[in-house]
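Those sequence lines, one after another, are chains A and B.
If you read the first sequence in the numbering used here, its first letter stands for residue 97, the second for the next number, and so on.
If you read the second sequence in the numbering used here, its first letter stands for residue 48, the second for the next number, and so on.
Careful, some of the hints might be misleading.
Claimed, not checked - Derived DMTMM-like pairs (lysine to aspartate or glutamate); straight-line CA-CA distance at most 20 angstroms:
hint, chain 1, residue 1, chain 2, residue 2
1, B, Lys297, A, Glu206
2, B, Lys293, A, Glu465
3, A, Lys204, B, Glu342
4, A, Lys204, B, Asp151
5, B, Lys335, A, Glu206
6, A, Lys201, B, Glu342
7, B, Lys97, B, Glu182
8, A, Lys201, B, Glu344
9, A, Lys201, B, Glu345
10, A, Lys203, B, Glu336
11, A, Lys203, B, Glu342
12, A, Lys203, B, Asp151
Think of the hints as simulated: they come from the structure by calculation, not from any bench.
All values reported here derive from a predicted model rather than from experimental measurement.
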Amino acid sequence: MAIRSDVMAAGGAPTFAQVAGETVRFILSELKPKGKMLTPFNVITGVIVLAGLVMIVIRFAYGLGAVSNLSQNYPWGIWIGFDVVTGVAFAGGAYVLCFVVHILKFKKFEPIVRVTVLNGFLAYVFYAGALLLDLGRPWNVINPIIGNAFGLSSVLFLVAWHFLLYMICEFLEFSPVVAEWLNWPKARRILMGLSTGAVIFGITLSTLHQSGLGALFLLAPTKIHPLWYSHNIPVMFFVSSIFAGLSMVMIESFFTQKAFKDRIGHELHAAHDSILLGLGKGAVGALFAYIFIKLIDFVHYKQWVHLNTPMGYWYLFEIVGFVVLPTALFLQAIRTRNPKLVQFTAFLTAAGVILNRLNVSVIAFKWYETVRYYPSWMEIWVTLTIISMELWVFRWVINRMPVFVETHEVVEGQPAEDADVITWKASDS
Amino acid sequence: MTISRRNFLKAAGTAGGVLLAGGANPARGAAPQTSAGGVEFNGMLIDTTKCIGCRACEEACNEANHLPKPIVSFDSESVFEKTRDTTTGAFTVVNRFPNPKDPDKPIFVRKQCMHCNQPACASACLCRAMEKTREAAVIYHKDRCMGCRYCMVACPFDIPRFEYNSPTPFVWKCIFCNDRQKRGEQPACSEACPTGATLFGKKRDLLEIAKTRLYTEPDKYVHKIYGEHEVGGTGWLYLMGVPEEKLGLKTNLPTTPYPELTSGFLYTVPLVFVLWPSLLIGLNYLIKESKESKETEETEEKEASHGNPE
């Protein structure tokens, strides 16, 4: 932001045009990639994205059938079951941490709030955004929003609205970071003022649409295997989104600690292990609640009659291997204060959430059919494309915006040269 | 074939008081026979014992809906060799099933949209592309549809069909010839039916006819009207000579109208919207208060301890 500093130094107040031009130049300069281009990560994701974009073009030119294995019997595949339903569960970390830090005022987790909100926001943009690929007529996606056709009795109507509103909330929650990056102290102050409201509204919306994603499947009582169908699906989806979100925060920290070493502030570095253990405690609480709800269902629906069947074994595999085992491992990790084990268990928990969401939406859905759905290689490839693109944007933001450091004050008239100065300020204050 | 008033009275007369009592005192929780506006629902009675598998209904449906002509002509019986399903280009199909009572006389059963009293598809649709008319038809507004296919996930009969190989796809299914009904005509398929296996009329009347047949010919029929209670009642009803599981009809359907499966969840939405923010604001305020008072206490204590030596 050298030019603006010059203007400031000259003593003249910058005109709006100057500031706007300056901001545009700054953003353009920031858009350029930093660091080495030909890293293995870049090459692999680059190939994935390029080929994936071709598949997306094919999908829009010839219809869904050209790239997917979807059929009249299986209208929803992994683009819904994995990208949207699972992706949104993993984005749950944002509302959980916002609740813990902004409402319950647990300052301990403050250093990771920004990155979690960023992760949540990007997850919604990309994974809920992937919904557009799956819609047959995506240009009509605005119909339930602009009000020419309100399907008020539809759970999907609720979910669609909540996605939209929650994306706005998460952007508002993250926006002070953007304001810091652009060095707009006034805007930052205004946005900070909005954030408590955004957090409260965001938690409410998350409660409803995390459970709403489960409620979607209430309409398929004869199609989902009785071991997975329950009137409690909404509650299960909500409770599991808590440990899904928390485990994703732990997984994300596992990678960012390695990949973005130089971007991480001292505070976070020092507190990392203690934060991990805290997250593990949160996850274990939610896991216990989840096991309890599952148990109630098991008794209420007399589910034991299905246990001694292939689907029953599959169910036990999910529950014992990916719910009960992680709970035990988390407990062990907390007891022995072992952050490594917490992180490992987070991976196991996340795998369990993927398994559960895929079971409800794809695997246990119409388990009785002779010709079953399995994703085409192009469906998987496009999913990898979405993930790769999300990682690119995530990395771009982390490398430019003060995500891992909390700046308590940006003094007006003393613009930061770059994020390093902000880091310094943060450690100084 | 429509039912004439005279035929109906004749049929009703044979059943006598039993029938009238049955009609006047519907079982508790029985499906309503009228829409919210008090309009009598239209319906269709399929008597599988009368169907001869001529596929006239398929042909009439194809013409009335301007669907593409099939590769195998409507006269050909070769289509019966395997069980067919409805497609984006065939809203009704007739299938052949072996008759356990008489192997020489196979049973023919139609499949198409059942036009539920409270359709799952319409309650699933977030842009009201699927809509239940007051007269009974579940119709599709192509201009509203966003192609999410939630109607297909929700439909207990697996009826809506999606055009997977089109860049601008629609969802297709039988719409009970809604336009013909509006003009005062009966649907194309029932008009074409030569045996009365597909019978159009007011649903209330059709139920009574069906019951009359069950009572007067108890040996011929399974004592059940398929669609009377399934998923809260359907506009199309089936009479069967053998149990429904032998006729390719869905067997495990609940009697709950599908919209009720999600209405409980939807009712909690406004509650959460009121309760959550108030609880969160309260919690936020309380915790802020307690933290602040703790901090002032601490600073006061510090000051006090600093002050002691002096």
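Here is what the structure says about each hint:
no.	hint	in the structure
1	B:Lys297 - A:Glu206	violated (54 angstroms)
2	B:Lys293 - A:Glu465	holds (17 angstroms)
3	A:Lys204 - B:Glu342	holds (17 angstroms)
4	A:Lys204 - B:Asp151	violated (79 angstroms)
5	B:Lys335 - A:Glu206	holds (16 angstroms)
6	A:Lys201 - B:Glu342	holds (14 angstroms)
7	B:Lys97 - B:Glu182	violated (26 angstroms)
8	A:Lys201 - B:Glu344	holds (18 angstroms)
9	A:Lys201 - B:Glu345	holds (18 angstroms)
10	A:Lys203 - B:Glu336	holds (15 angstroms)
11	A:Lys203 - B:Glu342	holds (14 angstroms)
12	A:Lys203 - B:Asp151	violated (80 angstroms)
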